[in-house]
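Add chains B and C to chain A, keeping to what the hints say.
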Amino acid sequence: MLAQFIANGLVNGAIYSIVALGFSLIYNTTKIFHIAHASVYVFSSYIFYTFYRILNFPLIPSFALGLFSGVLLGIFMEILVYRPLFLKKASSGIALVSSIGINVFIVNLIALLYGNETKILFPGVQKTFQIGGVILTRIQVAEFVAFIIISFIYFLLLRITNFGKLIRAYANNPTLLSTFGIEDSHLRIWIFAVGSLFAGIASCLVAIDVGTDPNVGMPALLVSAVSMIIGGIGIFESAIIGGFLIGVLQSLVVWQISARWQEAITFALLIAFLLFRPQGILGRRKRIEEI
Amino acid sequence: MERRIALKVLNLTKSFGGLKAVDSVNLDFIEGRITGLIGPNGAGKTTIFNMISGFLIPDQGEIWLENKRIDGLKPWEVAKLGIGRLFQDVRVFRELSVLENVLLGVVDHPGEYPLNLFFIPKLVKKKESDILNKAREWIKFVGLEGKENLNAGSLSFGQQKLLALARLLIGEFKIILLDEPTAGVNPVMIKPLLDLIRRIPLTGRTIIFIEHNMNVVLNIANWVYFLDEGKVASFGLPQDVLGNPEVRRIYLGV
Amino acid sequence: MNYLLHILIMLCIYGILALSLNLLIGYAGLFSICHAAFYGIGAYASTLLMIKTGFNFFPALIGGTLASSLFALLIAYPSLRLRGDYFILATLGFQLIIYSILYNWVGLTRGPYGIPGIPRASLFGFEFDSIPLFLLLSSAIFLLVLFFVKRLYFSPFGRDLKAIREDEIAASALGKNLPLLKIWTFTIAGGLASISGSLYATYVTYIDPTSFTLDESIFLTAIVLVGGSGNMKGPLIGTLFMILLPEALRFLGLPDTVAPNVRQMIYGIFLIVLMRYRPQGIAGEFKFE
Numbered sequence: 027m028l029a030q031f032i033a034n035g036l037v038n039g040a041i042y043s044i045v046a047l048g049f050s051l052i053y054n055t056t057k058i059f060h061i062a063h064a065s066v067y068v069f070s071s072y073i074f075y076t077f078y079r080i081l082n083f084p085l086i087p088s089f090a091l092g093l094f095s096g097v098l099l100g101i102f103m104e105i106l107v108y109r110p111l112f113l114k115k116a117s118s119g120i121a122l123v124s125s126i127g128i129n130v131f132i133v134n135l136i137a138l139l140y141g142n143e144t145k146i147l148f149p150g151v152q153k154t155f156q157i158g159g160v161i162l163t164r165i166q167v168a169e170f171v172a173f174i175i176i177s178f179i180y181f182l183l184l185r186i187t188n189f190g191k192l193i194r195a196y197a198n199n200p201t202l203l204s205t206f207g208i209e210d211s212h213l214r215i216w217i218f219a220v221g222s223l224f225a226g227i228a229s230c231l232v233a234i235d236v237g238t239d240p241n242v243g244m245p246a247l248l249v250s251a252v253s254m255i256i257g258g259i260g261i262f263e264s265a266i267i268g269g270f271l272i273g274v275l276q277s278l279v280v281w282q283i284s285a286r287w288q289e290a291i292t293f294a295l296l297i298a299f300l301l302f303r304p305q306g307i308l309g310r311r312k313r314i315e316e317i
Numbered sequence: 006m007e008r009r010i011a012l013k014v015l016n017l018t019k020s021f022g023g024l025k026a027v028d029s030v031n032l033d034f035i036e037g038r039i040t041g042l043i044g045p046n047g048a049g050k051t052t053i054f055n056m057i058s059g060f061l062i063p064d065q066g067e068i069w070l071e072n073k074r075i076d077g078l079k080p081w082e083v084a085k086l087g088i089g090r091l092f093q094d095v096r097v098f099r100e101l102s103v104l105e106n107v108l109l110g111v112v113d114h115p116g117e118y119p120l121n122l123f124f125i126p127k128l129v130k131k132k133e134s135d136i137l138n139k140a141r142e143w144i145k146f147v148g149l150e151g152k153e154n155l156n157a158g159s160l161s162f163g164q165q166k167l168l169a170l171a172r173l174l175i176g177e178f179k180i181i182l183l184d185e186p187t188a189g190v191n192p193v194m195i196k197p198l199l200d201l202i203r204r205i206p207l208t209g210r211t212i213i214f215i216e217h218n219m220n221v222v223l224n225i226a227n228w229v230y231f232l233d234e235g236k237v238a239s240f241g242l243p244q245d246v247l248g249n250p251e252v253r254r255i256y257l258g259v
Numbered sequence: 336m337n338y339l340l341h342i343l344i345m346l347c348i349y350g351i352l353a354l355s356l357n358l359l360i361g362y363a364g365l366f367s368i369c370h371a372a373f374y375g376i377g378a379y380a381s382t383l384l385m386i387k388t389g390f391n392f393f394p395a396l397i398g399g400t401l402a403s404s405l406f407a408l409l410i411a412y413p414s415l416r417l418r419g420d421y422f423i424l425a426t427l428g429f430q431l432i433i434y435s436i437l438y439n440w441v442g443l444t445r446g447p448y449g450i451p452g453i454p455r456a457s458l459f460g461f462e463f464d465s466i467p468l469f470l471l472l473s474s475a476i477f478l479l480v481l482f483f484v485k486r487l488y489f490s491p492f493g494r495d496l497k498a499i500r501e502d503e504i505a506a507s508a509l510g511k512n513l514p515l516l517k518i519w520t521f522t523i524a525g526g527l528a529s530i531s532g533s534l535y536a537t538y539v540t541y542i543d544p545t546s547f548t549l550d551e552s553i554f555l556t557a558i559v560l561v562g563g564s565g566n567m568k569g570p571l572i573g574t575l576f577m578i579l580l581p582e583a584l585r586f587l588g589l590p591d592t593v594a595p596n597v598r599q600m601i602y603g604i605f606l607i608v609l610m611r612y613r614p615q616g617i618a619g620e621f622k623f624e
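In the order they appear, the protein sequences are chains A, B and C.
FYI, the numbering for the first sequence is 27 to 317, going by the numbering used here.
FYI, the numbering for the second sequence is 6 to 259, going by the numbering used here.
FYI, the numbering for the third sequence is 336 to 624, going by the numbering used here.
Everything hinted at is true.
No more than 27 Å apart at the CA atoms, straight line, and that leaves these computed lysine-lysine pairs for BS3-like: (1) 127(B) <-> 485(C); (2) 131(B) <-> 485(C); (3) 485(C) <-> 132(B); (4) 130(B) <-> 485(C); (5) 57(A) <-> 191(A); (6) 485(C) <-> 152(B); (7) 568(C) <-> 622(C); (8) 179(B) <-> 85(B); (9) 115(A) <-> 622(C); (10) 130(B) <-> 568(C).
I should point out that these hints are in silico values taken from the structure, not numbers from a laboratory.
If we strip away everything but chain A, and leave its shape as in the complex, we get (with noise of 0.2 Å):
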């Protein structure tokens, strides 16, 4: 019995981390706390919906394409309204009061055109796997296995190529890329649309299992700030760790207490990392300076 809870909480930890890998790529680059994050995530779903279901196109395709649109509405986001803030120099609370704008606005929009229901994609039992004494359905293997692809390339991209040290310079210390001649616009645009992707992928998988509702996106954002927060801010990896211990977290509170407190839990857990690690698990603790 515990097993399966913790294969449950595996698998929601592997959607979680996917979300939050792309969450904390852009709150450690741009400092901006993208809200917005949460509408990537659901428009995807949306616009994957709506080639598979409405226009029948066939699977792989519609999937790519709910994937192409939240990857573009993110670096949009970044166009039109994230960057000329940064050009003003404005402060992290205005980018985030217009990351909730942005988000009020697409998530009205979707329920405007589509309705408040759930759209399922799969109606039907989903055919399972049994892996010793605990049973996953063909989905949840999907998400784990998408997981390990994601996360192996993501580590990869970072440590390796050339871009992922311009993504940790730029985290790093982002004047000094400038100084450099290399142009941030361009840095930060890649960072939106890498980050949107991971939104768009995990909520289209996560659309196939139990389907969508213009209301998925908060939660999952949530689950990514914090955890970014536990898992440490600053280092770009640590997302995971924080969302596999959210999930199985999450799952061991069903198991033994109830459904029902799952959120408040994980808020509670956010608060007192905030109160007494606010570095996270891997994080170091900076020294503020008062003066």
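Chains B and C alone, transformed into the frame defined by chain A:
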């Protein structure tokens, strides 16, 4: 002549990541005097100020305000005990008016406590009109008369320093810490600023300042401590310390 | 006609919420997105006092205020230790935890089923059971709150808060006790918000957690940002604007099914445009910078 030690620093030490910024420093600040802390950049002067005013906790050592130990207290507790500070980057409240800035210099006002606002409104009102008058006087004293309703942010840097001084003066602080008072000030404004500092009534007061401008030091200091690499390297009358060839070597590389 | 009176009642309720949130955001500079939590605590606390303990509206209102103020202490503590984004996140977490409790502690709050049959406000046997009478009550309470808040805004306390907002370090160097001031601000803001909660509960006579969600908190924060903060008129103008806007949309003949979504889309755009071109809002003093 009575020499009361208003503020005493004993064996003060502070390190940052393995680097000793302040190393077993001993300082005596005599009441009624204007004492200068000088020394090359990084000598630890601002760190000492930070520890005195409660923004940093010393690793070792003690700070005594007369017979009360104050190291480790919070900044507002230190302020309420009578130690006021002028920051190097001034820190006026930019979006507030000049008048509001000065009013905020009053350290203890019954109106700061919401309960008092509703239970003893008359007392609050009286205090408010008192300090309003005082504020206007101090604004006049520093030469900013007529600018009471301007936003502090719209003043020039030198004028902001004057404002910060007025804010300090209304607070009736016994110890005033001035962190590089003339830094960044238009050379034209330095003399009026120094005249102002000299006109601050010194009865019961002690002024301690950090400065890099040697002329300023010679001009207003009664006593000087020369710090280098976190330690007190020399002290005494300004002309003696600054005349010391060792000091000149360290400071000016001559 | 009743419809118009209903709008005025809503203006009173939301006006109180805006004025109290302004104390946090516009005066102390504490950007909070958990105000709906206090609104909800007030509503539920006073409702439970009225229904389970038979309290009259007015004592229940005071009880709600006390409950809210106590909870405010819970979020005030993190506010002392956290800065910037971290603090906002903590308020977010607080909002979600409170919502979760309201929704899931079915034994206490009946969770999603809500609490029906809330008694109308009454004073010495006189019941405010019609809309015009209730408008009288809510306007009276609103005016009381308005005077109270005005006193605070223009007091040395209010001045200290503005100093904190501008520069905490300079403020503390001038003897301002930061933790005490912040705790007071949260306590007062939370307590006032709960007054709105009590009014709302006794007005609609049914409450459930869906009125006190994160979205509602964001809406309240938007009121203060759009109208402007840091002074008296900002929040009032913000309330007028944000409450009347959806009504204006209704007049344009927008069907009721889409109206809520369109309204949200409009205020989403508003936030974006405002932050870009006019961060101080319509009439605010504090440039949310």
